[in-house]
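S.K.: What follows is each chain in one-letter form.
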Amino acid sequence: MAEEVILLDYWASMFGMRTRIALEEKGVKYEYREEDLSNKSSLLLEMNPIHKKIPVLIHNGKPICESIIQVQYIDEVWPHTNPILPADPFQRAQARFWSDYIDKKTGGPCKALQRETGEKQEAAKMEFIEVLKTLDSELGDKSFFGGNEFRLVDIAFIGFYSWFRTYEVVGNFSIVAEFPKLIAWAERCLKRESVAKVLPDSDKVLKSVSDYRKKILGIN
Amino acid sequence: MASDEVKVIGAWASPFVMRPRIALNLKSVPYEFVQETFGAKSELLLKSNPVHKKIPVLIHADKPVCESNIIVEYVDETWSASGPSMLPSTPYDRAIARFWAAYIDEKWFPSLKSILKAEGEEEKKAVLAQVEEGNALLEKAFIDCSKGKPFFNGEHIGYLDIAFGCFLAWLRVTELAGGHKLIDEVKTPSLSKWAERFCNDPAVKPVMPETATLAEFAKKIFAKPTA
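Going down the list, the sequences are from chains A and B. The first sequence lines up with residues 1 to 220 when you count with the UniProt record's numbering. The second sequence lines up with residues 1 to 227 when you count with the UniProt record's numbering.
Please note that a few of the clues may not be correct.
Using 25 Å as the maximum straight-line C-alpha spacing, the simulated SDA-like pairs for lysine to any residue come out as follows [stated by the list, open to error]:
#1 B:Lys107 - A:Glu46
#2 B:Lys107 - A:Glu119
#3 A:Lys53 - B:Asn135
#4 B:Lys27 - A:Ala87
#5 B:Lys147 - A:Ser41
#6 A:Lys62 - B:Ala129
#7 A:Lys142 - B:Val51
#8 A:Lys29 - B:Asn135
#9 B:Lys7 - A:Gly118
#10 B:Lys107 - A:Pro89
#11 B:Lys63 - A:Lys207
#12 A:Lys26 - B:Asp93
#13 B:Lys149 - B:Leu116
#14 A:Lys40 - B:Leu137
#15 A:Lys207 - A:Glu119
Hint data in this document are derived by calculation from the structure and do not stem from the laboratory.
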């Protein structure tokens with residue numbers, strides 16, 4: 001039976017990037033459909049009625065929601081190429097833990113960094129810096145979060161790299177100066193075809209957020 | 001410590017702590033239950049979970065595993081030969097189980113907690129409606145996932161049964177406190193029967209607190225200071 005894989009996504013979503021990278025890593029052909037988040041498609045609302053969010057992966061008509069769940073699904077359906085989760089149960093638990101950490105701890109601060117000003121934004125920035133410090137420490141001297149191999153946690157976090165310049169500009173701080181190890185890690189990841197293909201241009205992300213802040217939020 | 005010794009750091013009243021305990025029971029893995037004192041965090045906990053400083057933590061052969069649902073998957077994978085699989089056999093069904101477990105933690109349980117904390121009739125009504133909406137979704141999810149079998153996971157208790165079932169004692173406490181049934185034969189007939197099966201399972205019974213005991217505990221921790 002022919003495989004039909006559709007991805008409902010938004011070009012700048014660091015969550016959607018995870019699923020796209022996983023599909024590319026596995027060499028899976030898929031149809032990418034861009035969603036207008038201010039006018040969500042009926043397909044999106046039908047396939048993810050509970051959260052109404054992207055990304056939504058639709059495989060042979062059946063929807064899978066939540067990006068880390070999608071990445072694990074992709075790894076299980078197409079296990080033979082570029083494994084994403086390690087084989088050892090303890091390593092797997094560690095990989096899931098850190099992906100979960102990224103999900104739990106970045107949501108609030110990243111949103112606030114984009115949308116707020118003044119004290120609220122400052123607080124968000126400090127929170128985000130703490131997250132970067134923790135991840136920097138977890139990375140340590142390894143080439144990737146997955147050790148010698150590019151794996152789940154790398155996939156979970158690399159999309160945020162395309163947002164670093166945006167956070168630096170709106171938050172007025174330097175990630176490049178403070179976290180050289182994380183930057184080196186990101187550049188290592190970018191050498192992979194899947195990552196280079198999927199990550200959007202950082203300046204494009206910055207422009208889209210600056211426009212949003214100016215036009216919708218009235219911030220200069 | 002013996003090379004394969006298992007410890008669970010937790011507290012008897014925590015539904016999240018119940019999850020790894022049920023999983024270990026299902027796989028017949030003996031473990032030492034190390035209880036935290038309410039309101040204080042032990043050296044062992046802070047050392048084993050420096051990132052979140054929360055219970056439960058599973059320590060296996062001196063290595064800590066954190067986050068209750070992640071611990072359940074770890075137990076399932078490590079002791080895979082000791083009992084039936086806790087996750088369904090197909091990738092799609094596994095994705096669905098993980099989806100609902102995430103929904104329960106992110107949306108359902110926070111709204112259940114809000115019932116106990118709600119002030120005034122209006123707020124109470126609103127959060128009750130949220131929980132009932134969630135229960136209706138979970139009733140349907142049970143029918144879809146169980147496919148006619150006794151548990152979300154099929155023949156045997158699994159990941160999603162544990163993820164949801166661990167809250168049943170707190171759910172009963174909330175029902176008592178509010179005088180309002182949340183899971184019952186009329187609104188959620190399938191879940192109602194599943195809940196009874198789950199609570200009576202030998203892997204669950206020893207770790208599920210008595211509703212009365214939990215209700216007393218809840219009164220203490222949610223006690224509002226007098227004006």
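S.K.: A separate judgement is required for each hint: does it hold in the structure or not?
M.R.: These are the hints, each one checked on the structure:
Only pairs whose Cα atoms come within 25 Å are accepted, and B:Lys107 paired with A:Glu46 is accepted, the gap being roughly 19 Å. With a CA separation close to 28 Å, the supplied pair B:Lys107 and A:Glu119 exceeds the 25 Å bound. Of the pairs offered as hints, the one joining A:Lys53 and B:Asn135 holds, with about 21 Å between alpha carbons and a cut-off of 25 Å not exceeded. For a cut-off of 25 Å, the pair hint linking B:Lys27 to A:Ala87 stands: about 20 Å separates their Cα positions.
With a C-alpha separation of about 30 Å, the suggested pair B:Lys147 and A:Ser41 falls outside the 25 Å cut-off, and the hint is violated. For the hint pairing A:Lys62 with B:Ala129, the CA-to-CA distance comes to about 29 Å; that exceeds 25 Å, so the pair is violated. Proximity of A:Lys142 to B:Val51 is assessed by CA-CA distance (about 19 Å); at most 25 Å being required, the pair is judged to hold. In summary, the hint linking A:Lys29 to B:Asn135 is not supported, as the alpha carbons are separated by about 37 Å, beyond the 25 Å threshold.
At roughly 46 Å between alpha-carbon atoms, B:Lys7 and A:Gly118 are farther apart than 25 Å, so this suggested pair is violated. Our distance criterion of 25 Å between C-alpha atoms is broken by B:Lys107 and A:Pro89, whose separation comes to about 28 Å. Between the alpha carbons of B:Lys63 and A:Lys207 the distance comes to roughly 45 Å, so the proposed pair goes past 25 Å and is violated. Proposed proximity of A:Lys26 and B:Asp93 is supported: the alpha carbons are some 21 Å apart, at most 25 Å.
Between B:Lys149 and B:Leu116 the alpha-carbon distance is near 33 Å, which puts this suggested pair outside the 25 Å criterion. Of the pairs offered as hints, the one joining A:Lys40 and B:Leu137 holds, with about 22 Å between alpha carbons and a cut-off of 25 Å not exceeded. For the proposed pair A:Lys207 and A:Glu119, the alpha carbon gap of about 23 Å is at most 25 Å, so the pair holds.
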